[in-house]
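Trainee: Chains as they are written, first to last, in this note's numbering: chain A, 1 to 460; chain B, 1 to 442.
The hints are simulated quantities; they were obtained by calculation from the structure and are not laboratory data. Warning: the hint list may mix true and false statements.
Straight-line Cα separation of at most 30 Å, DSS-like style, residue types lysine-lysine; simulated pairs [claimed, not checked]: (1) B:K107 with B:K123; (2) B:K123 with B:K200; (3) B:K153 with B:K123; (4) A:K359 with B:K32; (5) B:K436 with A:K264; (6) B:K436 with A:K270; (7) B:K182 with B:K107; (8) B:K31 with A:K359.
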Amino acid sequence: MQGSTLVITLLALATLAYYAGRSRAFAVAQGKLRNLHSLPIYYGLYTAIWCAAPGLLIAAVWLMLEPTLITKMVLGGLPDNIRQLDKSRLTLVLNDIRNLVHGHAPSADADPALLKAAEHYKSLTATSHAILTIVVLSIAAALGWLALTRIKPHQRARNTVETLLVAFLKICSSIAIVTTIGIVLSVLFESIRFFEAVPVTDFLFGLKWSPQTAIRADQVGSSGAFGMVPVMAGTLLITFIAMLVAVPVGLLSAIYLSEYASPKFRAAAKPLLEILAGVPTVVYGFFAALTVAPFIRDAGQALGLDVASESALAAGLVMGIMIIPFVSSLSDDVINAVPQAMRDGAYALGATQSETIRKVIFPSALPGIIAGVLLAVSRAIGETMIVVMAAGLAANLTANPLEAVTTVTVQIVTLLTGDQEFDSPKTLAAFALGLVLFIITLILNVIALHVVRKYREQYE
Amino acid sequence: MNNTNSSSIAGNAPGKPPRSRTIERVRSGLKKRHQAERRFRLYGRVAIWLGLAFLALLFVSIVAKGYTAFEQTYIRLEIDFSADNLGLGIQRDRAALSRADYGGLVKASLRSLFPEVTSRRDKRALYALVSPGADFILRNQVLEEPNLIGITKSLWLPANDDVDMFIKGHTERTSEDSGRLKAIQHRWIDRLIAEGRIEKRFNSTFFTAGDSRDPELAGIRGAAVGSFYTLLVTVALSFPIGVAAAVYLEEFAPRNRLTDLIEVNINNLAAVPSIVFGLLGLAVFLNFFGLPRSAPLVGGLVLSLMTLPTIIIAGRAALTSVPPSIREAALGLGASRVQTVLYHVLPLAMPGMLTGTILGMARALGETAPLLMIGMVAFIVDVPSGIFDPSTVLPVQIYLWADSPERGFVEKTSAAIMVLLLFLIAMNSLAVFLRKRFERRW
Chain A
1 MQGSTLVITL LALATLAYYA GRSRAFAVAQ GKLRNLHSLP IYYGLYTAIW
51 CAAPGLLIAA VWLMLEPTLI TKMVLGGLPD NIRQLDKSRL TLVLNDIRNL
101 VHGHAPSADA DPALLKAAEH YKSLTATSHA ILTIVVLSIA AALGWLALTR
151 IKPHQRARNT VETLLVAFLK ICSSIAIVTT IGIVLSVLFE SIRFFEAVPV
201 TDFLFGLKWS PQTAIRADQV GSSGAFGMVP VMAGTLLITF IAMLVAVPVG
251 LLSAIYLSEY ASPKFRAAAK PLLEILAGVP TVVYGFFAAL TVAPFIRDAG
301 QALGLDVASE SALAAGLVMG IMIIPFVSSL SDDVINAVPQ AMRDGAYALG
351 ATQSETIRKV IFPSALPGII AGVLLAVSRA IGETMIVVMA AGLAANLTAN
401 PLEAVTTVTV QIVTLLTGDQ EFDSPKTLAA FALGLVLFII TLILNVIALH
451 VVRKYREQYE
Chain B
1 MNNTNSSSIA GNAPGKPPRS RTIERVRSGL KKRHQAERRF RLYGRVAIWL
51 GLAFLALLFV SIVAKGYTAF EQTYIRLEID FSADNLGLGI QRDRAALSRA
101 DYGGLVKASL RSLFPEVTSR RDKRALYALV SPGADFILRN QVLEEPNLIG
151 ITKSLWLPAN DDVDMFIKGH TERTSEDSGR LKAIQHRWID RLIAEGRIEK
201 RFNSTFFTAG DSRDPELAGI RGAAVGSFYT LLVTVALSFP IGVAAAVYLE
251 EFAPRNRLTD LIEVNINNLA AVPSIVFGLL GLAVFLNFFG LPRSAPLVGG
301 LVLSLMTLPT IIIAGRAALT SVPPSIREAA LGLGASRVQT VLYHVLPLAM
351 PGMLTGTILG MARALGETAP LLMIGMVAFI VDVPSGIFDP STVLPVQIYL
401 WADSPERGFV EKTSAAIMVL LLFLIAMNSL AVFLRKRFER RW
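With the hints as constraints, model all of the structure from the sequences given.
Mentor: Now the structure itself:
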């Protein structure tokens, strides 16, 4: 990779600049450090930053834009009959060219036009890299030299370096905002394109979900149905089952651990329960699909019930198990935050321990517990692997937990993995579902975090 | 009616002290209340044991399904490496050797063991006892030592998946030909066992091979290396950025709207479903920037965005736990704020930050959903050799195997899960160790 050699050269140059700057500082101070404003290392760092930072920035921008520009130029050089292909075909041709360039495809039996294009691509890349190397290294050398010659005893090198460092820290911390914006934009743009093909009202309120659009226009079922109600209903059904497992078990175990258990038992049981939260979801998915679902099906058959092999019950149960530690540790925090004085007051009035918990601690911890449950619900709605492996694929509008239902995340995964059609409503629908998922979890999170914060302030 | 009656009694007997009445009422209810207390306590205990039972069930079911995968059934065959059998001419260079007919060797050997098998159908059934991968094993052996040619050697070759499953007792013997193995194949297997030609040995293929369509040839090495590269990218990006962000927010940020916005965003991102990060990766890294599909580079980018909030939150907690006196002392001695943080606060907060990072990495290691979105679900046989090579990761490999119809993949999946859990346990223990070792009470 030529980019990495360039970066390494640049860093080596910067190291050189660091030592040059440091010794230059010693030199201008005439051996007396008290003549300097800052410690010599700051002069070294100052030179090194001037040497490396602009070059790295240029290289980053260049390498980011390079593929797009080169692709455009290669496309311009293609014969007319290829250039007039429609967009999706053109993408395939481009992929072929890229495979030729990277040597993934055998070049012997390729189209000569494509081979030529691949050669063109290669030579353009080589030129671009050569120019980049020259530009970056000369800029680095020039700026490094400039910084070196400008070192003076009274220069405030430390302040400059520190300001730059804090600016870097600030940029790093704003990546969170950039990520959020990135998420919103990436799902929003594709969703808007989806809503151009399928009206928003059809999507939100449609009762039928069958995203199988035909590849050719004359195929049967060429118009897929994109009504998300059954998908959403399935998600809510599985989430409800999961909560039915997780909330009682999680809450009661949190109460027991924080109010009744001996310190020894607590020290042993709490980490053990938290292992459940550390198990990867794909493991739960496997457990649900191969252990729990067959068990439920057999049990149902023994009782004379007709249970689907991918029943909502199996997925929901296992998801509930996964969420137990989540509910329990959140409730544990909240219960521990209730002031001891309230307990003592209740005991002084003659209440038993369970009465204290049910009538004093639980009501005062309720807002926090509800917030924790909301976070757990958002977690359950967004959980993917368990439902991908254990829930069904076909949308089914039912409230019967023994039938197979599908969820939002399952649909996103099935629409975006496997054979994709470029830009069809089918693939774009996944982004629309992603948008819905993001909005729902965002609302739940915002409410929950708000409640938690308010609650915390109340007892602080 | 009752009410008026009792009040009239109270009115008629004013000399009766009301206090004893209260205590009586308390006493009469006490038994019930204590019962309720015991019941409530029992509920709590049941809830905890239920949780622990689920945990035990999970582990037991996976170990019970998977422990057999660490063994593999092998069949001992006398392989006659004659040039005739190999279909070799005079040329003995590498190209000619790698083109030679190694499948023929296995077939010839099987035919000589069972000379009575003559019909075409039976022969095919006979050949199916040995794994199709045996050809490659023989080829590699010959390529390694070409002077094997002309020699007859006794070799242990992997049995086919169906034979393996039968020997391990996962499939039943059927009288008709309805099962995976035919009745005649069962008879051959019995004969091979009687001759001591079938043996279960440690399955080293599982740890050295990449993925395969044949369970007996599939291994986790490719996925493990892919996971390693992905985590490498993740830690290289998320640790420095996470630490920098935590330091800024905790030590330098003024309390203004921008800081509030950043904080709200970080808390929200920590709770955004992981699959949404996958959508981001697909739309931004693959479609917009044109980075290679299925590459650990993109996987690492997505996972580092996902783990950043965790690391930032842990980093901030570690920084707040450093007492202000440290900062005041450094500032008092004339250090600048940056110097105070870099030389005094950060080193003290580092163990906490490392613990948070390791826990974040453990979560990233187990993450599957976002990687499905960026194409890391492809069937990839080769072990990746860099962050740009197409690869898969352990959890995705588990997902792929769990979806495979072959019976042999069930135990492989469970075994891969065991390996994954082992890594996770190691990482978590390291985090706990770090916390215990470097935790300071100020």
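Trainee: Compare the structure with each hint and give your call.
Mentor: Here is how each hint holds up against the structure:
1. Among the hinted pairs, K107 of chain B with K123 of chain B is consistent with the structure: their alpha-carbon atoms are about 9 Å apart, no more than 30 Å.
2. Distance hint between K123 of chain B and K200 of chain B is fulfilled; the C-alpha atoms sit about 24 Å from each other, no more than 30 Å.
3. Between K153 of chain B and K123 of chain B, the direct Cα distance comes to roughly 22 Å. Compliance with the 30 Å bound is thereby established for this hinted pair.
4. For the hint linking K359 of chain A to K32 of chain B, the alpha-carbon distance of about 16 Å falls within 30 Å, and the restraint holds.
5. Of the supplied pair hints, the one linking K436 of chain B and K264 of chain A holds, its CA atoms being roughly 18 Å apart against a limit of 30 Å.
6. The hinted pair formed by K436 of chain B and K270 of chain A meets the criterion: a straight-line CA distance of about 17 Å does not exceed 30 Å.
7. Restraint check for K182 of chain B and K107 of chain B: satisfied, since their Cα atoms lie roughly 19 Å apart, inside the 30 Å limit.
8. Note on K31 of chain B and K359 of chain A: the hinted pairing holds, with a Cα-Cα distance of about 19 Å set against a maximum of 30 Å.
Against the hints set out earlier in the document, no violation occurs for any number.
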